[in-house]
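Chain A is already provided as a structure; the job is to place chain B on it using the hints.
There are 2 protein chains.
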Amino acid sequence: MSQPLRLGIAGLGTVGAGVVQIIRRQAALLEARTGRAVVISAVSARSRDKDRGVNLSSYDWESDPVALAKREDVDVFVELMGGEDGPAKAATEAALALGKDVVTANKAMLAMHGQALAVAAEARGCVIKYEAAVAGGIPVVKVLGEGLAGNEITRVMGVMNGTCNYILTHMEATGQGYNALFAEAEKLGYLEADPNLDVGGIDAGHKLAILSSLAFGTQVNFEGIELEGIQRVTLEDIRAAADMGYKIKLLGVAQMTGRGLEQRMQPCLVPDTSPLGQLQGGTNMIVLEGDAVGQIVLRGAGAGAGPTASAVLSDICDIARGHRGPVFGQPAATLDTPIAALSKRPAAYYLRMTLKDKPGALAKVAAVLGEAGVSIDRMRQYGHENDQAPVLIVTHKTTRVDIGHALSAMKTTSVVAGDPVALRIEEV
Amino acid sequence: MSQPLRLGIAGLGTVGAGVVQIIRRQAALLEARTGRAVVISAVSARSRDKDRGVNLSSYDWESDPVALAKREDVDVFVELMGGEDGPAKAATEAALALGKDVVTANKAMLAMHGQALAVAAEARGCVIKYEAAVAGGIPVVKVLGEGLAGNEITRVMGVMNGTCNYILTHMEATGQGYNALFAEAEKLGYLEADPNLDVGGIDAGHKLAILSSLAFGTQVNFEGIELEGIQRVTLEDIRAAADMGYKIKLLGVAQMTGRGLEQRMQPCLVPDTSPLGQLQGGTNMIVLEGDAVGQIVLRGAGAGAGPTASAVLSDICDIARGHRGPVFGQPAATLDTPIAALSKRPAAYYLRMTLKDKPGALAKVAAVLGEAGVSIDRMRQYGHENDQAPVLIVTHKTTRVDIGHALSAMKTTSVVAGDPVALRIEEV
Numbered sequence: 003m004s005q006p007l008r009l010g011i012a013g014l015g016t017v018g019a020g021v022v023q024i025i026r027r028q029a030a031l032l033e034a035r036t037g038r039a040v041v042i043s044a045v046s047a048r049s050r051d052k053d054r055g056v057n058l059s060s061y062d063w064e065s066d067p068v069a070l071a072k073r074e075d076v077d078v079f080v081e082l083m084g085g086e087d088g089p090a091k092a093a094t095e096a097a098l099a100l101g102k103d104v105v106t107a108n109k110a111m112l113a114m115h116g117q118a119l120a121v122a123a124e125a126r127g128c129v130i131k132y133e134a135a136v137a138g139g140i141p142v143v144k145v146l147g148e149g150l151a152g153n154e155i156t157r158v159m160g161v162m163n164g165t166c167n168y169i170l171t172h173m174e175a176t177g178q179g180y181n182a183l184f185a186e187a188e189k190l191g192y193l194e195a196d197p198n199l200d201v202g203g204i205d206a207g208h209k210l211a212i213l214s215s216l217a218f219g220t221q222v223n224f225e226g227i228e229l230e231g232i233q234r235v236t237l238e239d240i241r242a243a244a245d246m247g248y249k250i251k252l253l254g255v256a257q258m259t260g261r262g263l264e265q266r267m268q269p270c271l272v273p274d275t276s277p278l279g280q281l282q283g284g285t286n287m288i289v290l291e292g293d294a295v296g297q298i299v300l301r302g303a304g305a306g307a308g309p310t311a312s313a314v315l316s317d318i319c320d321i322a323r324g325h326r327g328p329v330f331g332q333p334a335a336t337l338d339t340p341i342a343a344l345s346k347r348p349a350a351y352y353l354r355m356t357l358k359d360k361p362g363a364l365a366k367v368a369a370v371l372g373e374a375g376v377s378i379d380r381m382r383q384y385g386h387e388n389d390q391a392p393v394l395i396v397t398h399k400t401t402r403v404d405i406g407h408a409l410s411a412m413k414t415t416s417v418v419a420g421d422p423v424a425l426r427i428e429e430v
Numbered sequence: 003m004s005q006p007l008r009l010g011i012a013g014l015g016t017v018g019a020g021v022v023q024i025i026r027r028q029a030a031l032l033e034a035r036t037g038r039a040v041v042i043s044a045v046s047a048r049s050r051d052k053d054r055g056v057n058l059s060s061y062d063w064e065s066d067p068v069a070l071a072k073r074e075d076v077d078v079f080v081e082l083m084g085g086e087d088g089p090a091k092a093a094t095e096a097a098l099a100l101g102k103d104v105v106t107a108n109k110a111m112l113a114m115h116g117q118a119l120a121v122a123a124e125a126r127g128c129v130i131k132y133e134a135a136v137a138g139g140i141p142v143v144k145v146l147g148e149g150l151a152g153n154e155i156t157r158v159m160g161v162m163n164g165t166c167n168y169i170l171t172h173m174e175a176t177g178q179g180y181n182a183l184f185a186e187a188e189k190l191g192y193l194e195a196d197p198n199l200d201v202g203g204i205d206a207g208h209k210l211a212i213l214s215s216l217a218f219g220t221q222v223n224f225e226g227i228e229l230e231g232i233q234r235v236t237l238e239d240i241r242a243a244a245d246m247g248y249k250i251k252l253l254g255v256a257q258m259t260g261r262g263l264e265q266r267m268q269p270c271l272v273p274d275t276s277p278l279g280q281l282q283g284g285t286n287m288i289v290l291e292g293d294a295v296g297q298i299v300l301r302g303a304g305a306g307a308g309p310t311a312s313a314v315l316s317d318i319c320d321i322a323r324g325h326r327g328p329v330f331g332q333p334a335a336t337l338d339t340p341i342a343a344l345s346k347r348p349a350a351y352y353l354r355m356t357l358k359d360k361p362g363a364l365a366k367v368a369a370v371l372g373e374a375g376v377s378i379d380r381m382r383q384y385g386h387e388n389d390q391a392p393v394l395i396v397t398h399k400t401t402r403v404d405i406g407h408a409l410s411a412m413k414t415t416s417v418v419a420g421d422p423v424a425l426r427i428e429e430v
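In order, the protein sequences belong to chains A and B. Taking my numbering, the leading residue of the first sequence gets 3, the next gets one more, and so forth. Taking my numbering, the leading residue of the second sequence gets 3, the next gets one more, and so forth.
Watch out, some of these pointers could steer you wrong.
[To be verified] Partial pick of chain A residues on the chain B-facing surface, computed with a CB cut under 10 Å: (1) Ile25; (2) Leu31; (3) Lys72; (4) Asp77; (5) Gly85; (6) Ile140; (7) Ala151; (8) Gly177; (9) Gln178; (10) Gly179; (11) Val295; (12) Gly306; (13) Thr310; (14) Ile318; (15) Ala343; (16) Leu344.
[To be verified] Derived list of chain A stretches under chain B, where covered just means 3 residues or more per stretch with a C-beta under 8 Å from a C-beta of chain B: (17) 152-165; (18) 329-340.
Calculated directly from the structure, the hints in this document are not laboratory data. Where is the CB? At the ideal position from N, CA and C, for every residue including glycine.
Only chain A is shown next, with the shape it has when bound in the complex:
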């Protein structure tokens, strides 16, 4: 029988406590599946006294996660503290420096320091595994890095932030506006301490940056993402989109182009009959496209103690089984320096604007679009209220640049009130 695999777990929030619980409850199953006992040597968290609903008395306690990472009786450092810098990064680096493997759920740390950590890990022959960092319980890191290893990946898409999808789908279901649903999500504890991480698309962007690296063999490049949150999506947009057969999602899209890596995380329209369009509430969905496999769709819980702990355990079992490999699918030294490419691929766009009640207003808008080279597929004008009329337009395929020109030109006319909204319609 092999030696037990000895863990040091730093961070005992809901996920950390969930991991401890599974290791206690499923000890026999884990040993049968990996051929080794999986044991916890020591744990670390901010407060020792807090009741976490799990018996920690048989594990040593370390108040300092760096000290935990350095313990001789720790083979694998399990980092579940979070935060892109600070103790999480310091302890991870300490573990790697001593040749210990790391399992982490920390998307921010990997999105910002993934390349440096991968280099450090591979220099010592260590692995860093991070299934829990992307899309919670959905084993997308494994599917992308191993299950589709024979594919040239052509596109990665996904709804990767459950809170945003909860807000957007509940706006439509309840008819309440963004602010009301934001407040509800806050009350339900769905939002990060800094809510902008969620609604600003940053958390989802971290996940997209990690998947991009794995998919396209490039260094993680969070800064290269065209990032836009859901704060400006209105109930009117959601209803108008629904009227025309679409749903609005905070959608991540990554694609390698001849000009570089295109990464977008922004509200998009998708057909309401597509799997992405039908995704309700806090569930996550990842769509992976490869030259051989075609399209693979993965759906599951993107957060929560159980699903995230499930992902952490997947990584731990891989290490126990001796399944090792480079952090981002190929050696960090061979990953390309990413060239961030702004989206130039044509797409249809959804435009919403408010027209003032002036003669020829609609003709003026149509003329502006025509001059910018944007042609109209469908248009709806609703009735005037207070001398203003909402107008919705779905364009034929055009570029972001041409749309930008059209929007700028519209603001200089005297017939459009306020800022027009433009959302990309993604072909899924």
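Relative to chain A, chain B alone:
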């Protein structure tokens, strides 16, 4: 640099040719991802002269797959011939006897001989990998065996035969009956040489048996499946189900119960708004449920050269990376002997029968159901034609046994014409 991984590929149908194509086209990518060159030493197929659209001139040719398996320059025997016995099994056994790893897409062989082959492989320290045997391009074997390794699996479900789903969804879409769509599927080349493998549920049953073993730690037990094909599903059933908010799917379900392992592959009703209900055409979908992760849904192409070759390459890459492990997730010697348990868990049922135009006919049917302990949730009677009226009933939850009693009793009444139909409504 590590030694190249040398393959012998037996079977050059669409999948085999697809595998050769990917290995030729993506040589650099595969080497970057696995750290080793992946090369083909020799190939084997029935006819040497056939044009397969891929250049085979640089590989040795073996007319005998057993000889291919035994070659010194073959590290991994890739079995893509199919057939549960015969050359596929003989060559696989020959490879294992010499300590060579095996990659196979052969669901029939694994469903019938999986345990013996696993024992043989593990005795020699070999692996048998078979991602392509279940659900084509969907990496469900990897997700179940590795991605959810921290979970006690509570249920496995899925639409695993694209041809059956094609027939069922096109019956509804076109209003044609089963026979017409069967003929169309045949014309399109969607059916196996023995069509009963598809429409009789056998092919899908093979896949379910393999997933069950992996999920529940039991020996593969194809014979333990309650198996029923789609041949008796009528257009009337599909329309009536749609009327009541359901779709009919050939659905595989495996669950461990206190009485043993329940495995069913049969036409079932699922809500039309569920991911399974929305699955159109030849696409496959697998739903995995675990105690920690909740529900994970995987969707993708279940057949075809590209998707299946993608799965074969995933296995080859795993072996190239040194990712090894027991064939069915834990050592074959520790797999439980399965106890096949017929389904006793209560479910709602859909019943369709034809009533003769006699006074009190409906009352008689209701009485028979009541006597069998089956209570009615919803009932619809349609108008009489030729003195016969179709009646649809959705029951409250009841057992298969009680439904059986009710159906038997109905046939002894003088008011029901022909055989009543009962389909389980699966909670998904």
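Exercise. Which earlier hints can't be squared with this structure?
Worked result: 3, 4, 5, 8, 9, 10, 15 and 16
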